[in-house]
Every structure is written in structure tokens, then in C-alpha cells.
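K.L.:
Sequence:
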Amino acid sequence: MIDLRSDTVTKPTERMRRAMAEAEVGDDVYMEDPTVLRLQERAAELTGKEAALFVPSGTMGNQICIKLHSRPGTEVVLEERSHIFNYEMGASALISGVTLRPVRGEDGLLDWQKVNAAIHHNAAYYVTPTSMIALENSHNMAGGSVMPLGIADEICAGARALGLKTHLDGARIFNASIALSTTVAEIARPFDTVMFCLSKGLGAPVGSMIAGCRDLIREAVSLRKLLGGGMRQVGVLAAAGLVALDESPGVLPDDHANAQRLATGLAQIRGLKIDPEKVQTNIVIFDISETGMTTSQLTVELKARGVLANGINPREMRMVTHYDVSLEKIETTLGIIREIVER
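The sequence shown begins at -13 in our numbering and counts up by one.
Rather than coming from a laboratory, the hints here were simulated on the basis of the structure. Where a beta carbon is used, it is the ideal one built from N, C-alpha and C, also for glycine. Don't take every hint at face value.
To be verified - The list that follows gives simulated cross-link-like pairs (lysine-lysine, DSS-like), each with its CA atoms no further than 27 Å apart: (1) Lys100 / Lys264; (2) Lys211 / Lys264; (3) Lys(-3) / Lys259; (4) Lys289 / Lys315; (5) Lys315 / Lys259; (6) Lys259 / Lys289; (7) Lys(-3) / Lys315.
Said to hold, decoys possible - FRET-style restraints, in silico, Cβ to Cβ: (8) Thr114 / Asp232: 17 to 25 Å; (9) Lys100 / Asn296: 25 to 33 Å; (10) Asn299 / Glu328: 19 to 27 Å; (11) Arg291 / Asp261: 23 to 31 Å; (12) Ala143 / Asp310: 35 to 43 Å; (13) Lys211 / Arg146: 25 to 33 Å; (14) Leu135 / Glu18: 34 to 42 Å; (15) His106 / Met75: 21 to 29 Å; (16) Ala110 / Arg57: 17 to 25 Å.
Start from the sequences and build out the full structure, keeping to the hints where you can.
P.N.:
Encoded structure:
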């Protein structure tokens, strides 16, 4: 099977498996797992923050950071297609008692003017006050679009001037780093906290990291335990994360090149709509409405021919490249799609 459903489907590399088998471990609830401690130090270094914490998932990482920065009865401003708003099961309301105020961005990108218009600051006492801004870079459901550094700087500076906190859902921040030709630390710099995933494009089997100042991460340890994320000899997982941080960023440009080839090929198939110039990272979203098929129908036909992909609504498909998908597999996929939709 050619699996283009997500970059979460990658299998651990042989080096990761060896590192997991040989990992030195301890009880991480007592903060005595040396491999976890090394991973956290490495994540803090890469993000340019004082400290970092290993968490089981990106959703948990985002929700811990929302709880760190808000209080019940306040509001979080974010982009309307963001992961936090759409794919975290309303956890912000359940865990932190906050509401989410979605704002429509252009290709997933917000600017300070739009964010500022959504903020409730010094409003009437019966208006829900804003506590924080949460941004996403790269932006999953906007086709992996990346936020320019200047826009993030302006939004974070504006929020800071109003006493608001900022969080970056950087699940795929390493992809954004490649696309922007800058460091992960530079992308994370203006934000109070950042989360990134080890188990997406980086290819580790499990885990995400959150990073921020020492005081916030110290509090985050307690919140992780509260949410059931305190783990014991978890160095067996952290070991794979260390390998991922070492070896995987170097192969992400190949994923981006394969996504660009996929997008260019799709644009040449009758009935499909996509602008390859908007594909900046490893996520390709394309419109099939002119084919007369629904995404459910196309998904079934693709699977029957050995390709796995996801529809995100009845007219749009999403495909994600990763290190288990070669250029040869991209060409095979394009041939299969052409055969299905042009028959």
C-alpha cells in the first residue's frame, strides 16, 4: 500500500528501534529517566526556550498550554481551520473552561488586524474576555501553509502589549522551518509556549514536546499528570524521539519536493483543482468536485488500487508525503488517480 493519509503513519527506522531497545530508563514521574531528560534538554535547545516537557500527544501538549495561559470563563482566539478548534474534541472547554473564538484566515494565515478585531480587551463586564492567542505553523487544514516570521512577530507583539499570552501549535514546525529557511527556534521565539510533534514528519512512533520558560514547564508537569500523561520508564519512547530529532529534519526537503511533484501532477489531471504554488510543505489538498465523484467514492477506488488517502469533506482530498513515500510511489499514485478520474 502507498499510504498518503498522514505523516503519522510512518514506521520507526531501524536506528530508532535499536535506540528504543537499548534505552537507559528510569521513573519519569520522579523525573529520573535519563533518556527523557536528554530529550527535553534537546527540545528546549532546538526551540530556544528555557525548558521542555515530553507529553504523549500533540493534543495533550496544546491543552496543557491552553490551561497554563488561561482561566475559566475566558476566550482563546485562533484560526477557524486550526487543529485546536476542529480536532481536539472540545477539550479546551472541558479541561480549561474556556471558549474558542475562530477567525477566518487567508490560506490559514491570520494577521494582527484580524486577530485584534476578535480580541475582547477592557470590554463590558458581561463580554467574555480574551486570555490568549493560539496560532498554527505549518497549518494542517490550510494545505500545510506556513506563517511568515513577520506576521507571527506582529501578532505576538500586539498580544503582549495587551497582556495576552501566545501559544504556537507547531506540530509540523520542522516542516515550517524548512519552508521558511530558518531555525525552529526563530519560529518559536515570539511565543510564550510551543508544541511540536515527534510522531509526524519526524517519524518517531509516539510523543510530542512542549517548551517555554522554566516556571511554565514546572507547572506543566503537574498538568500532564492531571491529564493522565505521567509515564514511568518512558525512555524507550524518548529514545526514538532523540533519533528523530537527529536524523529526520534532513529528509524533510525530500518530502516537500515529493509533495510539489504530487501537486504539479494532480493539476494536470482533468477534473482536479489545485494550485501547486500554494503547496509549501508536505500536505497536498485538492478539489475533485468537477470529476463527478465524492471523496468517499475516490477513497474507495484508490484503496482498491493500493493507495490510501483521506477526504476532508465531500469535495476535497488530502494527501501527505513522508519518508515512507518515495518519488516512484508518487508517480504511481498519479497514474492511478488519472486512470480513475479520466476513464
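K.L.:
With reference to the structure, classify each hint as holding or not holding.
P.N.:
Results for each hint:
At roughly 21 Å between alpha-carbon atoms, Lys100 and Lys264 fall within 27 Å of each other, so this suggested pair holds. Straight-line distance between C-alpha atoms of Lys211 and Lys264 comes to about 40 Å, which puts the hinted pair past the 27 Å bound. For the hint linking Lys(-3) to Lys259, the alpha-carbon distance of about 31 Å lies beyond 27 Å, and the restraint is violated. Taking the CA atoms of Lys289 and Lys315, the gap is near 14 Å; set against the 27 Å cutoff, the hint holds.
Under the criterion of a C-alpha separation no larger than 27 Å, the hint pairing Lys315 with Lys259 is consistent with the structure, at around 21 Å. Of the pairs offered as hints, the one joining Lys259 and Lys289 holds, with about 21 Å between alpha carbons and a cut-off of 27 Å not exceeded. For a cut-off of 27 Å, the pair hint linking Lys(-3) to Lys315 stands: about 16 Å separates their Cα positions. Against the hinted window of 17 to 25 Å, the Cβ-Cβ separation of Thr114 and Asp232 comes to about 44 Å, which falls outside the hint.
Evaluation of the 25 to 33 Å hint for Lys100 and Asn296 yields a pass: the beta carbon distance comes to about 29 Å. For the pair Asn299 and Glu328, the beta carbons lie near 23 Å from each other, so the given range of 19 to 27 Å is met. Range check, Arg291 to Asp261: Cβ separation about 26 Å, and the 23 to 31 Å hint holds. Our hint of 35 to 43 Å for Ala143 and Asp310 holds, since their Cβ atoms are close to 40 Å apart.
At roughly 30 Å, the beta carbons of Lys211 and Arg146 sit within the given window of 25 to 33 Å. Between Leu135 and Glu18 the beta carbon distance is about 38 Å. The supplied range of 34 to 42 Å therefore holds. A hinted range of 21 to 29 Å holds for the C-beta pair His106 and Met75, which are about 25 Å apart. Separation of Ala110 from Arg57 is about 18 Å and conforms to the stated range, judged on CB atoms against 17 to 25 Å.
In summary, the structure is inconsistent with hints 2, 3 and 8 from the numbered list given earlier, while agreeing with the others.
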